[in-house]
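A.B. asks: Single-letter residue listing:
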Amino acid sequence: MAAGAGWRMGAAERGGRGAETLFRGLLFCVLGCGFCWGNSIERKIYIPLNKTAPCVRLLNATHQIGCQSSMNGDTGVIHVVEKDQDLKWVLTDGPHPPYMVLLEGGLFTRELMLQLKGSSRVSGLAVAISKPIPAQGFSPGLKCPNDGFGVYSNDYGPQYAHCNWTMWNPLGNGLAYEDFNFPIFLLEDANETQVIKQCYQDHNLPQNGSVPEYPLCAMQLFAHMHAVTNTVTCMRRSSLQTAFSLNPEEVCDALSDYNVWSTLKPINTSSKIDLMDEVIIVATRIDSHSFFWNVAPGAESAVSSFVTHLAAAEALHKVPGVQTLPRNIMFTFFQGETFDYIGSSRMVYDMENDKFPVRLDNIHSFLELSQVALRNSSVLWVHTDPVSQRNESIQTQVKTLLEALINSSMSANVTLQEVRQSQPLPPSSFQRFLKARGIPGVVLADHRTSFQNRYYQSMYDTAENILMKYPEGLSPEETLDYVTDTAKSLAEVATVVARALYQLAGGTGNTSAIQADPRTVSRMLYGFLIKTNNSWFQSIIKQDLKGLLGDELPQHYIAVTTLVNTTQLVQYVLANLTGTVVNFTKEECLNPEKTPNPEKEMYVYTWVQGSRDANSTSRVPFCVQSTVRLTKAASPAFELKQWGSTEYSTWTESRWKDIRARIFLVASKELEIITLVVGIAILILSLLATYFINAKAHVLFSSPGDAGAVAY
Amino acid sequence: MTAAVFIGCSLIAFGPALALCVCTIAAEPLRLVFLIAGGFFWLVSLLLSSLVWFIAVQIGGSNSASVKRNLLIFGVVFSVLLQEVFRFAYYKLLKKANKGLTTISQEETIPISVRQLSYVSGLGFGIMSGIFSLVNILTDSLGPGTVGIYGDSPQYFVASAFMTLAIVLLHIFWGIVFFDACEKKKWWALALVILSHLLVSGLTFLNPQYEGSLVPSYIIMMLMGTWAFFTAGGSLRNLKLCLMCRDKDFLLANQRPR
Chain Y
1 MAAGAGWRMG
11 AAERGGRGAE
21 TLFRGLLFCV
31 LGCGFCWGNS
41 IERKIYIPLN
51 KTAPCVRLLN
61 ATHQIGCQSS
71 MNGDTGVIHV
81 VEKDQDLKWV
91 LTDGPHPPYM
101 VLLEGGLFTR
111 ELMLQLKGSS
121 RVSGLAVAIS
131 KPIPAQGFSP
141 GLKCPNDGFG
151 VYSNDYGPQY
161 AHCNWTMWNP
171 LGNGLAYEDF
181 NFPIFLLEDA
191 NETQVIKQCY
201 QDHNLPQNGS
211 VPEYPLCAMQ
221 LFAHMHAVTN
231 TVTCMRRSSL
241 QTAFSLNPEE
251 VCDALSDYNV
261 WSTLKPINTS
271 SKIDLMDEVI
281 IVATRIDSHS
291 FFWNVAPGAE
301 SAVSSFVTHL
311 AAAEALHKVP
321 GVQTLPRNIM
331 FTFFQGETFD
341 YIGSSRMVYD
351 MENDKFPVRL
361 DNIHSFLELS
371 QVALRNSSVL
381 WVHTDPVSQR
391 NESIQTQVKT
401 LLEALINSSM
411 SANVTLQEVR
421 QSQPLPPSSF
431 QRFLKARGIP
441 GVVLADHRTS
451 FQNRYYQSMY
461 DTAENILMKY
471 PEGLSPEETL
481 DYVTDTAKSL
491 AEVATVVARA
501 LYQLAGGTGN
511 TSAIQADPRT
521 VSRMLYGFLI
531 KTNNSWFQSI
541 IKQDLKGLLG
551 DELPQHYIAV
561 TTLVNTTQLV
571 QYVLANLTGT
581 VVNFTKEECL
591 NPEKTPNPEK
601 EMYVYTWVQG
611 SRDANSTSRV
621 PFCVQSTVRL
631 TKAASPAFEL
641 KQWGSTEYST
651 WTESRWKDIR
661 ARIFLVASKE
671 LEIITLVVGI
681 AILILSLLAT
691 YFINAKAHVL
701 FSSPGDAGAV
711 AY
Chain X
713 MTAAVFIGCS
723 LIAFGPALAL
733 CVCTIAAEPL
743 RLVFLIAGGF
753 FWLVSLLLSS
763 LVWFIAVQIG
773 GSNSASVKRN
783 LLIFGVVFSV
793 LLQEVFRFAY
803 YKLLKKANKG
813 LTTISQEETI
823 PISVRQLSYV
833 SGLGFGIMSG
843 IFSLVNILTD
853 SLGPGTVGIY
863 GDSPQYFVAS
873 AFMTLAIVLL
883 HIFWGIVFFD
893 ACEKKKWWAL
903 ALVILSHLLV
913 SGLTFLNPQY
923 EGSLVPSYII
933 MMLMGTWAFF
943 TAGGSLRNLK
953 LCLMCRDKDF
963 LLANQRPR
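Just so you know, the protein sequences line up as chains Y and X, in that order. Just so you know, this note's numbering puts 72 at position 72 of the first sequence, and the rest follows in order with no gaps. If you count the second sequence from 1, you need to add 712 to reach this note's numbering.
Rather than coming from a laboratory, the hints here were simulated on the basis of the structure. We put the beta carbon where it would ideally sit given N, CA and C, even for glycine. Each hint can be trusted.
Here are the in silico distance ranges between beta carbons for each label pair:
1) Met-934/X / Gln-201/Y: 40 to 50 Å
2) Val-581/Y / Ser-774/X: 50 to 60 Å
3) Thr-109/Y / Ser-774/X: 48 to 58 Å
4) Met-934/X / Ile-673/Y: 20 to 30 Å
A few chain Y residues that don't get close to chain X, going by computed Cβ distances all over 12 Å:
5) Val-228
6) Lys-399
7) Thr-585
Okay, the calculated bits of chain Y under chain X, using three or more residues with CB under 8 Å as the criterion:
8) 40-47
9) 211-224
10) 663-673
11) 687-699
Please construct the entire structure, taking both the sequences and the accompanying hints into account.
C.D. replies: As structure tokens, this is what we get:
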């Protein structure tokens, strides 16, 4: 063995730890402990790319979108495309197709992608994130988001259907809704991008006109998707599997999660609220999307609005006597709105089917915060629905809403302006409620017609997009509490919203005391946009949920797993901002039903780990009493098994086994053929030689004494 | 297309061994049994050296490169010695078995000679060690990538295959010389076999300077081959006879019905 093992160990010397692992791997093989993967030889051949995000396949009732590779990954020679001219090499000139294109973020446009899509010379694509964010704007979403699932249709304001009146997202190129038959990955780490470019420059760069020589640098992308065609097909296959197979292999899962909601005045969730009770609903969405899986920073499209919403909720809860207001206020955070209103359509469905404590009839009015961070000279636009306002009573109520809002904005640094009455609502959760019932409501947004947000549903919709700037050299703790201009302006919006809500709920007191805290807003922005693993978030979550917090950029994709980080964090932040600390022991807090507390039905109790003491390492946990609850945000289409529904969202995400990317060198065909020929030659030669020697063995190996006695 | 490299390297490393098996072993059940038994003995030696290695790494425990290298050298030396010990054990076992075989055999003569045994057992050792040293490399040669992204030589697979070929053949030669030395109690020859085995194994520490390890290994292989040829009863005279086809027996043997 030693000769052989020594050989391999020797060869592995450069691999550093390689030799030992190999030897141990060998040992395990011998001991039968299983077969060893990822050995040192593999480490000599491949550089795995760890910081990548794939584009995956999503399906709805009629289409499949996204990307996929073949079962064993797609391989191609790397070609870096930094300007349009570089593409010619990939599409026509290059002698080594198929190519794996490393695309500069700025070139990731619809035109170029369609060119690549039509070519058989492209085996995959890696997109380098562009820094700074592209100035011309980039939105892989649709020009008319959630088209067909809002309220406007042929029966309801036909002139407004399909964004006929206003194109909400004119920059939307719809790339995220295209189907690509090759894998596309996002390279999130500039260092890894540099490694690939270096490899390309060392091996693949055509030198003074001549064709680059082997070995060439290549990349392999694995992103094989199990589901095909559409949700109807994949759900049928999955249900067949679960019905008949002992070991079911489902192929797709519905996008679903939870909505977060709470009420200003506690309500008993085990029964319905009184028919006469009136509830004002405040709503925002808490999810976003981009071309790539789980890359959804959604700073402007989701975070800024739900942070404003949270700040308004806090401000209202701090008002004395708020519990005695005639009307209740319900704070709702809808999950999955990006995907044809999953959260709101489910809540409306639950309300209609009496599965929710609040009925549709209880809703007094509706106030939604759409994108609010990018206001032009602090103008906040109030959008209303022109169709429902044809009903006089609704029109009056909308007028009241508007008056309350305009009154509240008087003393604040926010100018409220009404969009002219003939314009329809922008894409909003409110549309799903309108679809069910004529409810008076408004949608607040920073845009009058099309979105201010030039990066709607893209990976560039980050803190940078909403102009959050921190001075240099701040410690994480200082950054958390640093009040940016964005935070100040969002706090102003929150103040206006809170004051308006107070008036709408019947409050008659002086509203000037109601004030949203810019510091809370900054902390939330930091937590939801930059780093969830900060001291504030740490102190307000349950101890066993520490895994929620991370140092990477927070993403707000709905996903198929239940309870994504965003939902849970919104839940805990809302509980912290609107709840009260009660003097319960851990046991009482975790099992409130065992305590003789008359209000236990009305509240939710959370045992949070508390903040770290300044002079000790332990935390001081405490019990929070709040009205924050979760409710399922899964499209009713799946509840009803109507997988081809045109009424409800039908988005599903395909399953996959292996998603990874790696780069390596590929040898020339000639070298491979030479190896094969040498091998065959050696075999034939040794066959001939052996036959010859064997036939003459008795002559060859006979000493004169014992002729032929011990022939082989 | 990297299947070509896989097949090519397999044939380079195991082509001669395959030819030997097909032409000389496959037809005779007894030789086949001893071949497999030889492979088994080599495996047991590997098992034991793995155990020792495992313990040594646990004790050595340090992560520094020099400690690791020393551990590796210790592992190689120990493993070589263990293999030779097992070759000796196999020789002893075969001698015993041979006696038994003679008693149950109907014919007067022993069914298999010690020389044949030495060759068969050497081949068994060689094939097994060859498989173990190359199989991991072969799986990775299937691709799609090839060695070299960290600047290593792209000839890694071919060089490994040629080294394995040398080791397979060397094991045959070592087997022949070793058994003969035991028979004739020529202890210096035994020592030379062990030394050359250590030397070849040590040469692999020169990798990745493949010329540095391959060329001396092949020279040693040639020398051992010549020695084994003479040990097995070959001589220049026989070789000459053979090459000039001046041997009537050969012609007769071919005419004789088999």
